[in-house]
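Peer 1: Heads up: take any position in the sequence shown, counting from 1, add 835, and you land on the numbering used here.
Wrong hints could be hidden among the right ones.
[Unchecked claim] Listed next, with one range per pair, are the computed distances between beta-carbon atoms:
#1 K1077 to V1027: 36 to 44 Å
#2 S1089 to D954: 51 to 59 Å
#3 Y1016 to L978: 31 to 39 Å
[Unchecked claim] Heads up, simulated DSS-like pairs for lysine-lysine below, C-alpha to C-alpha not over 30 Å straight-line:
#4 K1066 to K1055
#5 K981 to K900
#6 K981 to K1047
#7 K1060 to K981
Bear in mind the hints are in silico, worked out from the structure with no lab data behind them.
A virtual CB, placed ideally from N, CA and C, is assigned to each residue, including glycine.
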Amino acid sequence: MLFQNEQQTLSDLLQSVQLQIHAADYTQVSDEWGEEGSLPPYNKLYYICGGEGWIRIGDTEYAPKAGQLFVAPAHSPISFGTVGGRRPFLKYWCHFSITAGPFDLFQWIGMPLCINARDSDRITALFQAMVECKSQQTIASRLREKAVLLELVALYLEDVPVRVLQHRSEEISRLHIIQQYVASHLGASITVEHMAEAVHLHPNYFIAYFKKHLGVPPMKYVNLKRAERAKLLLTTTSLSIKEIADQTGFQDTSHFTKFFRKETSLSPTEYRAAHHRMH
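Can you make the complete structure from the sequences, with help from the hints?
Peer 2: As structure tokens, then:
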């Protein structure tokens, strides 16, 4: 499973996740179903309902069975086909992209590509909902299909060992250094120059690098983390507003209050009171 620092880094990457479902359907494939050595720019997710076939990712060949989920990651060499004389796959399927920073999620992580579905009724219902949404041309359907896809991906990942791919580990480490720098300096002045220096990058390059990976400019990220820290302190401690302002980098309480209201639509006092009412 992911180490805590990798989990934290990927969590921030997923704050700006982008999803797109390119196609989805329920299909009994034909006897001619097959392909050799393609490199699709999108992921494929199959839920096998019956029949037989084979799928090869790189040098590893799989023979998914009914009741199993299978993921073919984007940009991976894939070949597939039917088994002669036997009923070909009956499957729900979708082609989708799920980008976290500059890469697809499955270009960051590795996990088993074929698993048994724990709750076949739920998986079937989710795929049915996705196929129905994909057939409709409404704003609500576009939103719902993304929610369904996220639930399917979450169900897939929650019970399997997940690791950061080796060729991405250096990138994750660099991003984690940036995150740790921000977290440990929230009570002080933070500049782009200081953040860039922490990872030995030129400030101009660092700004583009940061936004490309984490989806927001560096100082916007700092403000988001300051707001998160302030919310935590408001709801879990009895510190005064002045003390919380000091711990989140604001020497002036009125400046902190103005900042917090802009981020949350509530003043710090109102936010604390609302949290206490809910609990």
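Peer 1: Next step is simple, just say for each hint if it's right about the structure.
Peer 2: We went through each hint and held it up to the structure:
Between K1077 and V1027, the C-beta spacing of about 28 Å breaks the proposed range 36 to 44 Å. Under the hint 51 to 59 Å, the C-beta atoms of S1089 and D954, about 52 Å apart, fit the expected range. Between Y1016 and L978 the Cβ separation comes to about 36 Å, which falls inside the hinted range of 31 to 39 Å. For the suggested pair K1066 and K1055, the alpha carbons sit about 17 Å apart, so the restraint of at most 30 Å is met.
The straight-line distance between the Cα atoms of K981 and K900 is roughly 26 Å, inside the 30 Å bound, and the hint therefore holds. Note on K981 and K1047: the hinted pairing holds, with a Cα-Cα distance of about 22 Å set against a maximum of 30 Å. Between K1060 and K981 the CA atoms are separated by roughly 26 Å; this keeps the pair inside 30 Å, and the hint holds.
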